[in-house]
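There are 2 protein chains.
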Amino acid sequence: MKIEYEPIGVVRSPFVESEGTPVQPSRAKNAAGAVELLPEFVEGLSDLDGFSHIILLCHMHKTAAYRLKVTPYLDTQPRGLFATRAPSRPNPIGLSVVELVGIEENWLSIRGVDLLDGTPVLDIKPCVGEFDQRTELRTGWLKNARKKTDVADDRFEK
Amino acid sequence: MKIEYEPIGVVRSPFVESEGTPVQPSRAKNAAGAVELLPEFVEGLSDLDGFSHIILLCHMHKTAAYRLKVTPYLDTQPRGLFATRAPSRPNPIGLSVVELVGIEENWLSIRGVDLLDGTPVLDIKPCVGEFDQRTELRTGWLKNARKKTDVADDRFEK
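Top line first, the protein sequences correspond to chains Y and D.
Counting in the numbering used here, the first sequence runs from 3 upward without gaps.
Counting in the numbering used here, the second sequence runs from 3 upward without gaps.
Be aware that a few hints might be false.
Copies of the same chain look alike in the list, so a pair counts if it works inside one copy or between any two.
As the list claims (entries may be wrong) - No more than 20 Å apart at the CA atoms, straight line, and that leaves these computed lysine to any residue pairs for SDA-like: (1) K149 <-> R136; (2) K145 <-> Y68; (3) K150 <-> Q26; (4) K4 <-> F43; (5) K149 <-> E101; (6) K71 <-> E45; (7) K150 <-> G22; (8) K160 <-> S48; (9) K160 <-> A67; (10) K150 <-> G131.
Since the hints were derived computationally from the structure, they do not count as laboratory data.
Computed from a predicted structure; not experimentally measured.
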């Protein structure tokens, strides 16, 4: 079964290669960027400006082929791929929760961008506490992650 | 630009049609279900059992064509599609945060399922507070959403 998607827009970001790109929005030190939506979708942005944060689902277009065991940026030993947020995945969809700063026609200004410039955007969703947030999360290996880095390197890049 | 994905597994759920299916995991009253992963991906599940919650990205295969203004299940007036979590979207990717109850080979038992039986799974990610959770979210129209329902109907079904 093949599933076919088409980008609805593109990420504009100061980062042009994996090396040095924040590993997550929370480690992006408020890096400013934008989503440039295709003009045909602008009507769908109504009411979005009431939300402080949005969820971006993106196609991680620069990733190398996946492996099922990977050493994450934040650890020193291999982990099961699905227990990590490594960008190289069977379906390389990235999930980023970013701050929505403002909307001007088809241009969404965002803060906390951890994505490469030119990354195709697949979907934009409002971030909603009741839907997306949980208290008392257990976070396995990440709780005591051994590597204290805020930025990526080229290990998952093609 | 076409992006092609293939399912890595399938959702097993008590819900076989949109009507009556919970609108979100948080309204699913702990409905039990599972992800049946394709056996070839089992190695990627290592270390995942340390996490209490996982993020499922799924292809919402039963959705009708999208419209850019929709009346959400939780409101009585049309809203911009990207300001809603309506399943009919240009790229109909559903995002569900569910509780991970246990893993047995390629079978992930989950709680809080809001997905139809047979939904193709595109990705599984660990849910991590630092990456996915934000304090002080503003949530626009949803803050005062006028419709108090926990379940869907067939408005987005094809």
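Here is how each hint holds up against the structure:
1. Neither within a single protomer nor between protomers do K149 and R136 lie at most 20 Å apart by alpha-carbon distance, with minima of 25 Å and 23 Å respectively.
2. With identical chains, the CA atoms of K145 and Y68 are never at most 20 Å apart, being 24 Å at best within one copy and 40 Å at best between copies.
3. Proximity of K150 and Q26 under a CA criterion of 20 Å is satisfied intra-copy only: 13 Å inside one chain copy versus 34 Å between copies.
4. Only between protomers do K4 and F43 lie at most 20 Å apart by alpha-carbon distance; the minimum there is 17 Å, versus 24 Å within a single protomer.
5. Taking the shortest alpha-carbon separations for K149 and E101, neither the intra-copy value of 26 Å nor the inter-copy value of 27 Å comes in at or below 20 Å.
6. In this homomeric assembly, K71 and E45 come within 20 Å of each other (Cα to Cα) only across copies, at 7 Å, whereas the closest approach inside a single copy is 42 Å.
7. In this homomeric assembly, K150 and G22 come within 20 Å of each other (Cα to Cα) only inside a single copy, at 14 Å, whereas the closest approach across copies is 45 Å.
8. In this homomeric assembly, K160 and S48 never come within 20 Å of each other (Cα to Cα): the closest approach is 37 Å inside a single copy and 24 Å across copies.
9. When the C-alpha separation of K160 and A67 is checked against a cutoff of 20 Å, the pair qualifies only within one copy, where the shortest distance is 7 Å, while the shortest distance between copies is 34 Å.
10. In this homomeric assembly, K150 and G131 come within 20 Å of each other (Cα to Cα) only across copies, at 16 Å, whereas the closest approach inside a single copy is 28 Å.
The structure fails to meet hints 1, 2, 5 and 8 from the earlier list, while all remaining hints are met.
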